[in-house]
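Participant: Residue numbers (the working numbering), protein chains in the order written: chain P, 1 to 640; chain V, 1001 to 1375.
Some hints could be false.
Just so you have them, the derived chain P footprint on chain V, three or more residues with Cβ under 8 Å [unchecked claim]:
| no. | region |
| --- | --- |
| 1 | 1282–1296 |
| 2 | 1312–1326 |
Chain P side only, calculated, beta carbon under 7 Å to chain V, not exhaustive [unchecked claim]:
| no. | residue |
| --- | --- |
| 3 | R22 |
| 4 | F26 |
| 5 | F27 |
| 6 | V33 |
| 7 | T36 |
| 8 | L40 |
| 9 | G42 |
| 10 | Q48 |
| 11 | L49 |
| 12 | T106 |
| 13 | I107 |
| 14 | R108 |
| 15 | L536 |
| 16 | G539 |
Just so you know, these hints were derived from the structure itself, not from any lab.
Computed from a predicted model, the values in this text were never measured in an experiment.
No residue lacks a Cβ here, since even glycine has one placed at the ideal position from N, Cα and C.
Below, each chain spelled out in residue letters.
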Amino acid sequence: MTNPQVYPGGGGPSDREVRRRRPLRFFSAALIVLLTFGGLGGRLMLLQLGASTSTSSTNTVARGHRIVEELITPARGLVYDRSGRVLAKNVAVYAVQIRPGDLSLTIRAQVVKTLGEILNIDPVRIITLLDRSTGSLWEPIRIANNVNERAARLIDEERASLPGVETIVEARRVYPYGTLISHIVGYVGRIDAVEASALAPAGYTVVDFIGRAGVEASYEEVLRGSPGIRQVEVDAKGRLVRILGVTQPPVDGSSLTLTIDIEAQQRATTALEWGLKGARTQEGVVASMNPQNGEIIAMASLPTYDNNDFSSGISNAKYQKYLSNKYSPLLNHTVGSYFPPGSTYKLVTFSCALNNNLVTPTTRFQSTAFVEVDGEKFYEWNRAGFGGSLTPAEAYSWSSNVVTFQLARLIKIDRLATCGRQWGFGAPTGIDLPSEIAGLVPDQTWARATINRGLYNAEVLQSAQGQGYDLVTPIQVLNSFAALANSGTLWRPHVVLHVTNPNGTITPVAPVVNSEVGMRESTYRELRLAGRKMALNPGPSQGISRMPLYISAKSGTAQYGVRDSLGRLPFHNWMGGFVAPSNDWSKSDSTFAYVVFMHGTNTTGNAAKEVTKYYLQLQYDLKRDYRTPALLARGNFFGE
Amino acid sequence: MNRLDSPLGSALRRVDWVAAAAVGLLALTGLGMAWLNARSYGQELLTPSSLFMRSLTWTALSLVVYSVTTLVNWRWVRTFAWPLYAGNILLLIVTLIYGVDSGGNNRAIAIFGLTIQSSELSKVLTLVAISTALTRVDRAGGGLQDLFLAGAIVAPPFLLVLAQPDLGTALVLVAALFGALYLSGVATRWIAALASFMAAGGAIAWVVVLAEYQKERLLAFIDPNADPAGPKYQLLRSLEAIVGGGLFGAGADGTAAITPLPVQESDFVFAALVRAFGAIGGLFVITLLAILVARLIWHSWNSSDEFGVIFAGGMATVVLFQTFVNIGMNLGVAPITGITLPFVSYGGASAVSLAFGLALVQSHRVHDGGSSPLM
Chain P
1 MTNPQVYPGG GGPSDREVRR RRPLRFFSAA LIVLLTFGGL GGRLMLLQLG ASTSTSSTNT
61 VARGHRIVEE LITPARGLVY DRSGRVLAKN VAVYAVQIRP GDLSLTIRAQ VVKTLGEILN
121 IDPVRIITLL DRSTGSLWEP IRIANNVNER AARLIDEERA SLPGVETIVE ARRVYPYGTL
181 ISHIVGYVGR IDAVEASALA PAGYTVVDFI GRAGVEASYE EVLRGSPGIR QVEVDAKGRL
241 VRILGVTQPP VDGSSLTLTI DIEAQQRATT ALEWGLKGAR TQEGVVASMN PQNGEIIAMA
301 SLPTYDNNDF SSGISNAKYQ KYLSNKYSPL LNHTVGSYFP PGSTYKLVTF SCALNNNLVT
361 PTTRFQSTAF VEVDGEKFYE WNRAGFGGSL TPAEAYSWSS NVVTFQLARL IKIDRLATCG
421 RQWGFGAPTG IDLPSEIAGL VPDQTWARAT INRGLYNAEV LQSAQGQGYD LVTPIQVLNS
481 FAALANSGTL WRPHVVLHVT NPNGTITPVA PVVNSEVGMR ESTYRELRLA GRKMALNPGP
541 SQGISRMPLY ISAKSGTAQY GVRDSLGRLP FHNWMGGFVA PSNDWSKSDS TFAYVVFMHG
601 TNTTGNAAKE VTKYYLQLQY DLKRDYRTPA LLARGNFFGE
Chain V
1001 MNRLDSPLGS ALRRVDWVAA AAVGLLALTG LGMAWLNARS YGQELLTPSS LFMRSLTWTA
1061 LSLVVYSVTT LVNWRWVRTF AWPLYAGNIL LLIVTLIYGV DSGGNNRAIA IFGLTIQSSE
1121 LSKVLTLVAI STALTRVDRA GGGLQDLFLA GAIVAPPFLL VLAQPDLGTA LVLVAALFGA
1181 LYLSGVATRW IAALASFMAA GGAIAWVVVL AEYQKERLLA FIDPNADPAG PKYQLLRSLE
1241 AIVGGGLFGA GADGTAAITP LPVQESDFVF AALVRAFGAI GGLFVITLLA ILVARLIWHS
1301 WNSSDEFGVI FAGGMATVVL FQTFVNIGMN LGVAPITGIT LPFVSYGGAS AVSLAFGLAL
1361 VQSHRVHDGG SSPLM
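With the rest of the complex left out, here is chain P:
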C-alpha cells in the first residue's frame, strides 16, 4: 500500500535535487570501489609475480607441492637387565589419525563411514573422538592403534577420498618379560589432552608416549632423548616427496641397564609365588640388595600386572579389573605401601638401648610371662616366658616382647623415634622408582599434632615392638638390615646400574649415601650376632639354622585390622636380614641383604620364614630343600 503523501517517488516529483547536492560523495564512493577492487587485483598479481621472480629455492618445489617441517621422533632408549637381556624394546606398528582441519564438515560423515568400514570401527566412535578433542584443528587425532598392514595400505590407496586421514608408522614398546619385572621396568602410556598443554614446552604432543611407572617414568628424560626437526617436500596430497634436510638432528634416548638380573628376579618371584600359594594369600614382597653399594639384586612384588597391556593401549575392562583388585597389582608394594613392621623393628629398639648405654651386652632381664604397665598386663608372645633370665642378644633371638617392653621403658618414646629415624625409617629411601612413600615413626610431637594428645605408656611399648602407629615400607626394612650388615651406611637404593648413551658411552649410576646410622661399631656387631643367634635358635629360626649359610635374621609378625570371633587379630609376616660371607660377625662385608613380607598370612608358622628359606636356597643354589610346607597351613598362632 503506497502513500504518495508520505513517500516521495511513487509517481510524485522526484527528489533528484537532494541527491545532486552530494556528487562529491558518489565520486568518493566510486573511488573507494575502484581502490578496493584494484587493490585486491593488484595484490593477487603481486603474489604471483613475487612467486615467479623469487629465489630458486622456491622454484625447486614443484607446483602444488609444499615444504613442511616435521618432528623426528627420537628412538626411545631400551632397558636391559644386568646380563644384557632386553627388558623393554621398540617395535614398529601402524596407526591411523585424522587432522580435523583437512576434513571438511560437509563431507565428514561420508569419510568417517568409509574409514569405519576399513578399520571395522563404529563411525559414531570416530565422530566422538573428533568432537571430543579440544586441541587445535590441525593437530592430528588418533583414531586407531595397532592397525594391521592391510588396512593401512588400503587407507593409503583411498587417500583421495579420505582427506585429513593419515596412516603413520610408530614405535610401540614391548616388554619381553612382562609380569616378571613390570614393577621395576614400568610402562609408557600416551599423553592425554589435559597433560599435553602442560608438557608442550618440553616438546611433547598428543601422539607421544611418556613413562608412567617404574624406570620408564623415573628415567623418562634419559630414555626419551630429544626430538629433531627436518624439512620435507610433500606433494599436493601431503605425501612425502623427498627430505630436503634435517634442521636439527634428533638425539636418541639412552638405554638403561638394571642392577637386577632377570634370573635373580625369577628366583625371588618363584619363592614368593610358592609362599603366597601355600598360605592362600596374594600379596607379598621379596627384595634383596647389596649392602656394599645399594644395588637392588631382586625386587618381586605380587600381585603384578602385564606392562604390555598398557603400552598397546589398555582396554577399559582390563584396566578396571586391575583397579578393582584389592591387592593393588599396579602398586609396587616394596616402595609404595606401608605396613606395621612388627618385630623386625626390634633392631631399632635393641640397638637404641645398647648404643645409649642403657644396657650392656651382658645385662640380664627376667623372662616373665608378662609385664604390667599402668595396671594393664602385657604378655610375652608365648604367654609363658623363656625361662630364667636373658641377655639382650638372647632376648632378640627369642624376639621377647617382655624384654623389649623393659627396654622401651628405659629408652622412652622420643629417643626411640630418633633411633628409628637413624635407621632410615619415616623417610623415603630415595630409590630410583616412582611413587615411594615415607611411612611413619611416631613421637610425642607427631602425636600432639595428629591425635591431639601425648602417647600413652602402653603405646610406647607397642612402638618398640613395631606395632601401634609404626608404619614402614619393605624397602626401608631392607635398607635397615643392609645398614646393619655394612656397619651403618644407609645407601640410596637403586635399580639402574648404568646409562648407555647412543654413542655407546657408559655412565654408571654412582652409589649415593643417604646418611649414616651413627651408632658404635660394637652396637652393629652385637646386633649382627643377635641376628645370627636368632637364625641359629632351633625354635624361632623355623629350620633356617640347618641351612649351610651365614645368615643373620630377624623375623616379625605384625597384627592389624579387626579381631575375629576368637579375639585373634589377622597378621602379616616379616623376615629381614643378610647373609655374611664368613662366620666373622665383626666384619661388615656382606653383599646380600634381604626382606620378605607376606600380607595377611595367619599361618601356623611364619610364612615369611618359609619364603626366605626357599628364596635363599634358590639364590645360593642349595641342593637340599629346607621348606616346611605344613607351616603355611592356616593357624593364627601367637605373634612373636
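Using the hints provided, position chain V relative to the given structure of chain P.
Facilitator: Frame of chain P; chain V shown alone:
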C-alpha cells in the same frame, strides 16, 4: 491498481542486464566451485547430499527469488518494511535460543527441513528498514535525527547477530549502516562522531565488560586458528594455493586430486579458485564483483527517489565489504572472519538473501517513476 495488462516486455527492457549478467556469472562460478570442491572432497557428484547437488538446489532457488523479486513491484517491501523488520528480529531471537551450530560461527534454525541462517536475511531486511525510515518526507534530512534513527534500527539485529556469535555478519551490518548514511547525505561530522562512538564502545566493551575467556573466543573467532600447528596455518595454505595456481591454474582435473584447503567451500573458496583457474580466474571474479558494485552505485546515483539511493548504496556497501574481507583474508590482507564471497562461496541462505536484495534494486529500476509493469 491491478496492471496485469502492462507488457512484460517493457519491464524486461528496463532490467539492468549488465548487473544481472554479473550475478548470473558469479552464481555459475559458485556452482562450478561446488562441483570442483565436491570432486576434491571425493564426493559422489549426483547424490542429494553432495556439495554440488546442494549448491545446485540453492542456486536454482536464488534464480527464482531473483527473477520474481525483479518483476514484482518493489514497493511491497517498503509497505511491509516494519512487519518484515520485526519478523526478522523475532527470527534472530528464535535462532539464538533454538539455533544449532551450522559449522561456522553463525547459527541456523531448521524450518520445514530447510536450514536458515537468519543472520544472512537480516542484512537485506535491516537495509530495507533504514531506507524506509530515512525517506519519509516529513524528516529534516541529512541531520543528526537520521543518524539516531538508522543507528536505532541497526542496533537490535547487530546485537542479536553478534550474540550468535557471528561477528562477520555483524560487521557487514555496520558497514551497510555507514554506506547508507554516507550516501543519504548525513553530515560527515556526524558519521565521524558515530564511528568514534562505536570505536569507543567497542574498546570499553573489550576492557570492562568482556571476561578473559570471552576475549579469547572473540580473538579465536577473528582468527579462529591463530598459530594452530605452525603460525597461521590456514593463511599459509591459502597463500600456497594462490601462488601454486600461477597465471592459468592447475585446471579442474589438476586440483580435483589435491588435498582440499581448509574450508575451501566457503572461507577459502577464492584460494581454491585461483589454484584451479589461476590469477586469470581470480581477476575474472574480482572483475564481476567490481561490475556488480559499480552498477549498484550507478543505480544509487540515478535513482529517482531517496529509497533507491539509500538501498542500492547499502547493497553496494554489503557486496563491497564482503568481497574485500573475504578475498582480502585469502590474500592475507584482512583478518580471517568467516565472511562469505558473494555467490561464489557455498552458503545457501547467503546466496538467496543476496539475490533477494540485489533483485529489489532491479525491481526499483524496473518499477521506477510509477510505471510498474506488474501490480
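Participant: Taking the numbered hints from earlier one at a time, note which ones the structure violates and give those numbers from smallest to largest.
Facilitator: 5, 9, 11, 14, 15, 16
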